[in-house]
Amino acid sequence: MGKIHELDSVLADQIAAGEVIERPASIVKELAENSLDANSHRIDIIVEEAGLKSVRVIDDGQGIEADDVARAFLRHATSKIADKGDLFKVTTMGFRGEALPSIASVADVLLTTATGGAAGSQIHIKGGEILAHGQASARPGTDILVSDLFYNTPARLKYLKSPHTELARIVDIVNRLALANPTVAFSLTHDGKEVFRSAGNGNLKQVVAAIYRVQAGRKMVEVKGEDPNFKVSGLVSLPELTRAGRQYMTIMINHRYVRNFQLTKALVAGYRSKLMVGRYPLAVINIDLDPVLVDVNVHPAKREVRLSMEPQLVDLLERVVSQAIDQQNLIPDVGDRADELLTREQTVHAPRSAAPRVSERASDEPPA
136 MGKIHELDSV
146 LADQIAAGEV
156 IERPASIVKE
166 LAENSLDANS
176 HRIDIIVEEA
186 GLKSVRVIDD
196 GQGIEADDVA
206 RAFLRHATSK
216 IADKGDLFKV
226 TTMGFRGEAL
236 PSIASVADVL
246 LTTATGGAAG
256 SQIHIKGGEI
266 LAHGQASARP
276 GTDILVSDLF
286 YNTPARLKYL
296 KSPHTELARI
306 VDIVNRLALA
316 NPTVAFSLTH
326 DGKEVFRSAG
336 NGNLKQVVAA
346 IYRVQAGRKM
356 VEVKGEDPNF
366 KVSGLVSLPE
376 LTRAGRQYMT
386 IMINHRYVRN
396 FQLTKALVAG
406 YRSKLMVGRY
416 PLAVINIDLD
426 PVLVDVNVHP
436 AKREVRLSME
446 PQLVDLLERV
456 VSQAIDQQNL
466 IPDVGDRADE
476 LLTREQTVHA
486 PRSAAPRVSE
496 RASDEPPA
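Numbering (the working numbering), first residue to last: 136 to 503.
Don't read these hints as lab results, they were simulated from the structure. There may be inaccurate statements among the hints.
25 Å max Cα-Cα, derived DSS-like pairs, lysine-lysine [what the hints assert, rightly or not]: (1) K296 / K340; (2) K296 / K188; (3) K261 / K188; (4) K359 / K188; (5) K359 / K293; (6) K261 / K293; (7) K340 / K400; (8) K366 / K328; (9) K261 / K296; (10) K409 / K340; (11) K296 / K359; (12) K188 / K409; (13) K328 / K359; (14) K340 / K359.
Label pairs and their in silico Cβ distance ranges [claimed, not checked]: (15) H176 / V427: 41 to 51 Å; (16) T288 / A253: 45 to 55 Å; (17) P426 / R177: 24 to 34 Å.
On a predicted model such as this, the values are computed, not experimentally measured, just so you know. For each residue, glycine too, the CB sits at the ideal point set by N, CA and C.
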């Protein structure tokens, strides 16, 4: 008898979860990105005990059709791509159909959803097994509660950090999602206390001020430039506002946060000799491009991408940052009025213990 056998679906999902779901912050990222793909205008994230007890994400998006609710938890089931051609022109945050089955294989999941013109649906899954599924009262959108994470894979728990560190990772994820999507209202609540809120009014400077404080927002310069293939926009800090690490440089491709050393290097190079050695700017940069020019299917968590014509983009980014710094197009310093403009409708800040702040002399860094 042969030794090779096919793994059962639950075990296969648990293996996949090892790549996709590393910690509570991974759940926040995957569920919030699903909400963005559902065209949500508001996304509320509620966590208990730094997500170690539960993570809940509520949105006002399109919801899931009743016939698709159970299907959404099947591995590689997705509404976002249909054939191999779509894989090379991805326009959504998710596309593999791995997140929900991976989460449900290692946690207790209760999902309630409704579309605009139909009765709501609810499904309860634990360890990949459907415990209940039927109609439920629900407002349009999706409400998903994930609890008892890694209950059936306890060895994974030992790799988690302290609640303080796990919360910091969640805050970092939510911050970057809000920076990438200033037209979406985000909120983050931890153990009943609101940690972050953005207005969702499209004002990127307000989001920056909400995360990094008003004084940081007032020391930002607008970046804007394009060529036939790429369009760069965002904010970068003046040379006087720096940090000891690169963590406060947020670079996005089509509003997806990515890590790319060449782009980060180009951003810093745009400052020429204006930065002290070992210091890095605060930056929020989005690069719009044709989806066929970027391959997002090269990393399990989609944090890294492969770019076509990367040297051309690197040159453009360095050039527009340099121009912005040279022009020093400051946010106008109009005293209290500037503070009012930046703080209007914005957040209750994260506690200092949960999310380190930007300052000109601070040396602490958030976890990577």
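Evaluation of the provided hints:
| no. | hint | result |
| --- | --- | --- |
| 1 | K296 / K340 | violated (32 Å) |
| 2 | K296 / K188 | holds (14 Å) |
| 3 | K261 / K188 | holds (15 Å) |
| 4 | K359 / K188 | violated (43 Å) |
| 5 | K359 / K293 | violated (45 Å) |
| 6 | K261 / K293 | holds (21 Å) |
| 7 | K340 / K400 | holds (23 Å) |
| 8 | K366 / K328 | violated (38 Å) |
| 9 | K261 / K296 | holds (24 Å) |
| 10 | K409 / K340 | holds (23 Å) |
| 11 | K296 / K359 | violated (39 Å) |
| 12 | K188 / K409 | violated (46 Å) |
| 13 | K328 / K359 | violated (37 Å) |
| 14 | K340 / K359 | holds (14 Å) |
| 15 | H176 / V427: 41 to 51 Å | violated (28 Å) |
| 16 | T288 / A253: 45 to 55 Å | violated (36 Å) |
| 17 | P426 / R177: 24 to 34 Å | holds (26 Å) |
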